[in-house]
Amino acid sequence: MSELVRISARRRRTDAAMRGLLAIATAIALVPLVLVLYYLFHKGLPAWSGNFLTTDPNGNFLGYPGGVRSAILGTLEIIGLATAIAVPLGIGVALYLTEYGKDAKFASVVRYFVDVMTGVPSIVFGLFIYIVLVLGNVGGSGYAAWKGSIAVSLLMLPIVIRSSEVVLLLVPASLREAALALGAPRWRVVVRVVLPTSLSGLVTGALLAVARGAGETAPLLFTAFGAQVLTGNINGPMNALPLQIYQDIQQARTDLNTRAWGAALTLVLMILILYVIARAASRRSRII
Amino acid sequence: MQANVTAAGSGGRSLFERSPLHRLPDRVLQWGLSGLAAFVLILIAYFFVRLIGQSSTAFSHIGVFDYFFRNNWDVAQLQQGGACARGAGPCTLGALALVLGTLITSAIALVIGVPIAVASALYVTELCPRRVRAPLALLVDLLAAVPSVVYGLWGVFVLIPHLKGFQQSLANTFSFLPFVAGQVAGPSYFIGGLILAIMILPIVSAIAREVIATVPQEHKEAALALGATRWEMIRTAVLPYSRAGITGGAMLGLGRAIGETIAVVLVIGNSPTLAHSIFQQGYTLAAVIANEFGEAAATPVYRSALFAAGLALFVLTLFVNIIARRFVVSGDRGRRRAAADVFAPEVVAGTE
Numbered sequence: 000m001s002e003l004v005r006i007s008a009r010r011r012r013t014d015a016a017m018r019g020l021l022a023i024a025t026a027i028a029l030v031p032l033v034l035v036l037y038y039l040f041h042k043g044l045p046a047w048s049g050n051f052l053t054t055d056p057n058g059n060f061l062g063y064p065g066g067v068r069s070a071i072l073g074t075l076e077i078i079g080l081a082t083a084i085a086v087p088l089g090i091g092v093a094l095y096l097t098e099y100g101k102d103a104k105f106a107s108v109v110r111y112f113v114d115v116m117t118g119v120p121s122i123v124f125g126l127f128i129y130i131v132l133v134l135g136n137v138g139g140s141g142y143a144a145w146k147g148s149i150a151v152s153l154l155m156l157p158i159v160i161r162s163s164e165v166v167l168l169l170v171p172a173s174l175r176e177a178a179l180a181l182g183a184p185r186w187r188v189v190v191r192v193v194l195p196t197s198l199s200g201l202v203t204g205a206l207l208a209v210a211r212g213a214g215e216t217a218p219l220l221f222t223a224f225g226a227q228v229l230t231g232n233i234n235g236p237m238n239a240l241p242l243q244i245y246q247d248i249q250q251a252r253t254d255l256n257t258r259a260w261g262a263a264l265t266l267v268l269m270i271l272i273l274y275v276i277a278r279a280a281s282r283r284s285r286i287i
Numbered sequence: 000m001q002a003n004v005t006a007a008g009s010g011g012r013s014l015f016e017r018s019p020l021h022r023l024p025d026r027v028l029q030w031g032l033s034g035l036a037a038f039v040l041i042l043i044a045y046f047f048v049r050l051i052g053q054s055s056t057a058f059s060h061i062g063v064f065d066y067f068f069r070n071n072w073d074v075a076q077l078q079q080g081g082a083c084a085r086g087a088g089p090c091t092l093g094a095l096a097l098v099l100g101t102l103i104t105s106a107i108a109l110v111i112g113v114p115i116a117v118a119s120a121l122y123v124t125e126l127c128p129r130r131v132r133a134p135l136a137l138l139v140d141l142l143a144a145v146p147s148v149v150y151g152l153w154g155v156f157v158l159i160p161h162l163k164g165f166q167q168s169l170a171n172t173f174s175f176l177p178f179v180a181g182q183v184a185g186p187s188y189f190i191g192g193l194i195l196a197i198m199i200l201p202i203v204s205a206i207a208r209e210v211i212a213t214v215p216q217e218h219k220e221a222a223l224a225l226g227a228t229r230w231e232m233i234r235t236a237v238l239p240y241s242r243a244g245i246t247g248g249a250m251l252g253l254g255r256a257i258g259e260t261i262a263v264v265l266v267i268g269n270s271p272t273l274a275h276s277i278f279q280q281g282y283t284l285a286a287v288i289a290n291e292f293g294e295a296a297a298t299p300v301y302r303s304a305l306f307a308a309g310l311a312l313f314v315l316t317l318f319v320n321i322i323a324r325r326f327v328v329s330g331d332r333g334r335r336r337a338a339a340d341v342f343a344p345e346v347v348a349g350t351e
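Residue numbers (numbering that gives the first Met the number 0), protein chains in the order written: chain A, 0 to 287; chain B, 0 to 351.
Since the hints were made in silico from the structure, they are not lab data.
The reader is advised that the hints may include incorrect statements.
In silico EDC-like cross-links for lysine to aspartate or glutamate, where the CA-CA straight-line distance does not exceed 20 Å [to be verified]:
1) A:K42 / A:D254
2) B:K219 / B:E125
3) B:K219 / A:D14
4) A:K101 / B:D25
Just chain B, with the same shape it has in the complex:
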């Protein structure tokens, strides 16, 4: 894509070719921009390495396996300057309750949030009157504009006091299920999951809308022409076609839920012992970092244990996001293939 038109022979320059000096800004821009892109990648890699380095203190004192699979977040031993805190002996710190807390709240968020998000996406794209389509989508998107600290504020002063009775009645009604029965606390895994469900709703809904919008009109019309009702059309034409994309969207929501910090730390109760019901106080990996950071700053092992929680979050969300990309991309490819099968096999085959 050089600007010179003719490649003159080995000797002099052609009439249209620029002198090397004139082409310098071009080179500078090209290499500068490439350098910028490389710089961003190197920066992230550098941060990652430093995070591993800072976490290694905790891992070497506690052991990687023990850290993640022991249910014992007993930080008093660190603060009282025991052998472990001074780095002179082994520690028995374990983050299992935090890891499980993260998984439980995220699971609750998905169970509540994804069906509502997908249903609203279906309604907005397939059922609602054309005029209200854009405003409705905008309103759902606005949920993403509210900062997490504001959701936390709302959760603490509105949701927790108002839902205490509702939580208890849920616990009583479904007491035959595991991890449900018993007394309820105000702040709980459930409230945390509920707030997360609200926060992932706009993301999942937006991706679902995008994916559903790619369903070919012909598929839908074919279903209707065969006598399907609107719902049957959605079930037989829209959902199968967009399943992979919606799954990817849900996974992106999961990644968001795992990493969400401030809203969760405010409403989950921050109790380091593993509760026996989802209606009791808990803790998550992200919440522990935000909540205990101040106390931990002075104790190297303690601080490092929090960095390890951050590392776990980073790796977990990275992993979830990579899988989510796979789904979205394979959904894309699957859709393209489906479209190719139906319409123009040779045309699409030719372009691939």
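Same shape as in the complex, but just chain A:
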């Protein structure tokens, strides 16, 4: 190199120093991840003993404080319901944007607000639902699991819409045109061509939204908070992993803090599994 272009020692030193700095910064960026995972396993695994996964928190002041069964099942229920709301709604809006709206004025307004919605803090969604559904005792109860699900689904909605829109846009126009040319009506093209082609991409987007929603505490705090034991009643308060962790952190008892670590490890592992499945689904995709 130096035969062609002579680079002064000063410039070479700057180059080496800056390259080193950028590499160090990248290493620093990964330090928190390593530390968080290390402490999760280090402090969380000891909590995973005995009846951790099979008992509910019992609220006893002494002795074994109970496990997190109700929290795990509550999270599954709340997030399952939230997914059932957010995913069809989100894919529907994305279909409108790609198949019908396109460059129409209304479509760009929708797109803009969906973008802006992505940045709305999760606690604000919790307040929205608290004001509209909890304050008015809608459904005959104040705090309720289904209200928590709606709050979480609001949060998942923009993620589902954005990711679905990207995937639907990847469906080649030639496929749609071919179906239309064969005489298929528009709705058939959507149902039989567009959706199946983009299925794995849609699944990936939905799973990422689920992973995001599963870890949210703030929206549930105002909507589903207040139960410890297992309950199947979605019209009443329900426990969830993030709520259980949040409560246990604030207690001045070592065994409760340990339970928080154990619950956190459970939650993070659940989310990581979702991520892995999401990536596997996107790899099987036919169009990306």
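Fit chain B to the known structure of chain A by using the hints.
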């Protein structure tokens, strides 16, 4: 885009045209999906109006200006059932300490998080070996997979006890700076900002990576061909080109930092008085809602004051996000223009 091929005259249908009955599902789908999109927008607007409605109690008792610019988050007067709590007299509640707390922690998060995020994005896209590029990006992205309550847990039981000494030595070393000197508390604005920095890092880094990846290979090769070193290539070709996009990414990170609740409420100490150092306990708008919600539920003015904090958060993040979009979009346009200048002015001009 109708499926019928020929538009038959005013009279009968052409051979290929469907009967109105057959076209019904099409109409239903089209209007159903449009209705869905409209429903989402109307829903958000409705929530916004209701939030304003619920906040108005506090604003009418306290005054909008006083609420945001008075440094007096004295909630005892509300709970003891004074004239203010009963709605019979004026209140002197002021959220300045919370507003400033939100701004301080977000600023700390940006100062720490953005340089590291951009540097790691530069390293991943421009410097590191091709083989480790995807795994490195994935690892940085994984930071976003950790829920905020887990960051809070980690902050409380690991970061705060371990960084006490580090905070004190920082405070002592930089005591000549304003808002730094003095005793340090365990939980503090600084710890809150540090946790936020970690949480915004993956977002800012991901956007920066995306933006940097759009820098045309030709620009970079041109810089290298002129004898630039790798770093000079980054400084003269990559950074100027992606500046607007990176700024937009940082703004999105800022929006995230402003609204983050659970991690912050656990590590900031929740002290409603404005501290005189960033190493002391503080409070933020989001933290006050999560922390005092239970106590406030029974007192209408108090509860409404928390809704007002939520409204402030909503408007603030909306504002930040709108500006961020501008940057990202204008960055896009700027890049397209730059590309047009260099390569094919007439082609791109023709498409615009």
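Q: Could you tell me which of the numbered hints above are not met by this structure, giving the numbers in increasing order?
A: none
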